[in-house]
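From the two separate chains plus the hints, produce the assembled complex.
Chains as they are written, first to last, in the working numbering: chain A, 1 to 295; chain B, 1001 to 1325.
Calculated directly from the structure, the hints in this document are not laboratory data. Quantities reported herein were computed from a predicted structural model and do not represent experimental measurements. Any given hint might turn out to be false.
To be verified - Facing chain A, according to a computed beta carbon distance under 10 Å, are these residues of chain B, among others:
(1) ALA1118
(2) LEU1244
(3) VAL1294
(4) CYS1305
Cβ atoms here follow ideal geometry from the backbone N, Cα and C, with glycine treated the same way.
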Amino acid sequence: MTEVFGFPLPLLLGQLMLGLVNGAFYAMLSLGLAVIFGLMDVVNFAHGAFFMMGAMFTWMGGQYLHLNFWWMLLIAPLLVGLFGIGVERFALRRLRGIDPIYGLLLTFGLTLLIEGVFRSFFGVAGAPYNPPGSLGATLDLGFMYLPAYYLFAVVVSLLVCIGTWMLIERTKLGAYLRAGTENPALVQAFGVNFPLMVMLTFGFGSALAGLAGVLAAPVIQVSPLMGSNLIIVVFAIVVIGGMGSVLGAIVSGLALGMIEGLAKVIYSPISTTVVFILMALVLTVRPAGLFGREK
Amino acid sequence: MLRTRLPAVAPWALLLLALIAPWIGLYPVLGMRMMCFALFACAFNLLAGYAGLISFGHAALFGGAGYLTGLALTSWGLPTPLGVFIGICTALAIGLVMGLLAVRRTGIYFSMITLALAQIVYFYCLQANFTGGEDGLQGIPRGNLLGLPLQSDRVMYYIVLAVFVASWWFMRRIVQSPFGQILQAVRENEPRAISLGYRASRYKLGVFVLSAGFAGLAGAMKAVVMGFETLTDVHWSTSGLVILMTLVGGLGTDLGPILGAVLITALEEKMGAISRFLAHVTGIDWFHQLNDSVSMVIGAIFVLCVLLFRRGIVGELRAHFAAWK
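The following block holds chain B by itself, in its conformation from the complex (with noise of 0.2 Å):
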């Protein structure tokens, strides 16, 4: 009983979780960063999971819009829905020049590109004035929606969460929808598809814009969340870490990049109380290191991921209620 409506019941238990979640010990910024990054994850999966293109430059679209977001909110002082808009346009736009030369290639290639692409955005973000280099973009305000003041950590909490629900469910649809359906077909046997009389290349170009764009909110949001913009979100890292969070979570479930991204940004969160306690348990003086070197752990779970559970823990769950059944 329980797992036959298991899959229908999660999202409504999550949705649950998350509404109550600021009431019960979450403290609302992870909790936004969390919901941002999830969002980031969803938008590569709507990619990578149905579509099969593994894209290694995603940040420079998360990273870029979140650059042209801070820069309308602090330098040109627009209202705050303005700026989130125009960070998604910019996401659009690199979206659509990078989508158009990567999807001339697919598989191993793809990735190479798209890293390639993302990379000359990182260095523009490195070298360009309103960037701030180095020390990244400060102070974006939060400013007002519709009259509403975004001071609040809870208030703006719900809010990310409304636009999360809704991104996530508009997603899904996306995914649910002829267009999707083809998307998949073209994943799974791209000649036939072609045969069949789709324009595989087009399909995937827009799949690539629609990814684009979400990754470009999720950017646009977590800057004017976090107050700040830095190189980090447009570094190749963020890109491997969004493939990370979709894969432990998942590839190619609705909810796996979601919990992945929930799981990965609490441990980056914890990853100084982790440290310190194995360093006090063990008396291994190197475990404070970790804390600095989060990438290291990082790291290593990419690897055990890979080489243990490539469908991640939504899809091992899935295969594991599918063979009970």
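So here's chain A without its partners, still in its complex pose (with noise of 0.2 Å):
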């Protein structure tokens, strides 16, 4: 068998493998924040909230509805949305102008309502979902089997992230969005209507962590606490890329994904911690992240 500094070269790969899936749920999850944070200066607590929201919606929708894995894939991100242009019209306009501290306590507050209702209703041991039959094969890739839906989930956060990125990037929309976040007042001078394009934005985001969460529900446990332990390690995440910069957001989102994979193979009682150490340690050599600029 090949090895790689004694480890045998298989289960690298295979853990590396595993490591892109979650960096791809990291990284839709890191571009949301970023946009939101970019646009609106929120630290958007909820994310992990709204992730949970989407695998639980999926899953009901399956349970109760009879709703299969595709209709979910289009309603629950939509509901998800729905709901992120709620707690920004109702809540988080009323905080615009004060310190932003203030937003992350309201959104840290509303994660803990969400999830106290879940949990209300579905107790806190998790549901297993399966994938859409279409995606149930297991591929043989030499050195791993992996299901079919795995690639699927990589593929469709991939195209996101750089459909999102292309948005921002190339369109007039995202011009609009480019020009509010370097100034408002400008922008809202120019005759947009910068409180919609916020109240929208907020939503797109929250969209996005829903659509995270919908495709994570065939490979995480669903429960009403799947999202909290998660936003954490994406807070440092985006602490890393530097916050409200999306490339650095897509990319780190990735990169330590897969770097969390390859710390279960050498020493694995260090996964759940690398990134908080790898945080620590970019903190000390660029204290802005990344791909951060320093304000």
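Right, here's the structure in full:
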């Protein structure tokens, strides 16, 4: 058997592959966070709760309404996005112009509230969710057997990330968004309905989290608590990548997912904390993050 | 008359209330729990209220100290004061490392960094052997203090009260000292403070470590009082809880954190009775669930507090009185 640094190669590649799947979810979540933060200066703690809602809706849709995965792939992000719009309209909007820490505190409270409501109905034990039949096959990659669904999840996440990046960098809508990030007052003066733009952006970021949740449902055990531990990892990733940098969010999300996978092979107890340790290292060398600019 | 005197009288009134509380129906263990969390909230307030640094990782200091004190008292068999001292030292050490990294950024980044660093402590406690993992560290003995047996809840209550009052007074002195004044200057306008020749980041690190020490004292005392230490104390939800306590009472006020801690701890304690009452009155069975997910109620208070009264109870009262004068 081939070995690299004393570790069997198939094991290494296998964990890298699983890490890539996680990394794809990280990338989508940190992308949403970065877009929201760029425009609103709000660090959305509830992003993890939105992720969980996406997955729970998918599971509920299958359980109670017999809607299959493909329907939920469409419906769940929409519902989460609408919910996000509501949160922006009725809560976050009132906090505009004051210390951004209150946005974090509000969404933190919201996270506890949402999690608590789901817990009171569904308990803390998770439920498995099977991938759609057409993706139920397993691929033989030579070094590991990979469920076809995992590949699908990675490809969809990457497409969504690239699509979002293109939308922001290449379209007129994206130009408004970037301009709003730089100078909201000026954008408004040019006749752009800025409050509406903020509302829709928050909705879009939330929908991204919801979509990540739907994609994750067949991979991770669906439970009301699935989002909260994940969101702290994503926070660390965003600090590493540099807050507000869209490309930084995507790249560091993918990279750190894979590093986490490698850590599982090399020294497994550290795999849960490796992202945080890396964050500490990055902070000592580049306080603004790898892709960030010091404001 | 009363309005101008109230700020001076209020601490003494609270102290009097705390002194007689065990004799007028307060269960001493609940009282001690309240005081431990009040001290924790005051420590947090020292950092957040006066230096403007909202730490989202204070549970690591609180719980970390609790675990080490527990370890010192159970496995090493050390006397109680020494165990508490070891807990404080642990918190100081964690605080120093956390502070060194976190004060490099301010505002929202500071919060996210402290949160992430605290997760390292959480996962360490989850995996380490001595913490007992999910079961927690059980059977921490109270021992004695200067020959005084601490098994009696009332004796313990007054010792905790004495420690609490001394710590509160000491933190007040810190805030009023030149060091505290400079901290507030840094909070208000960091570039100006730097241009006046103050090394802002050193002051921030200093207050972080001080806050860590008091948070550690609170955590160590709680471990001794309750006799056990669990993962809840190092979990991020506890970091959030202490923020809420301080926020509800009033960020940057001297009595606010105490008030907030007492209210929230009482609420947690009485949630069972409240949920039974609501279910009984409205006839909706779902209210029974409230008891199991206190965090939902905590979350709701958090949201309301941020939206409606950001200055907290004491802060709002103060503004109210100021307007009346």
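Hints the structure violates: just list their numbers, smallest first. none
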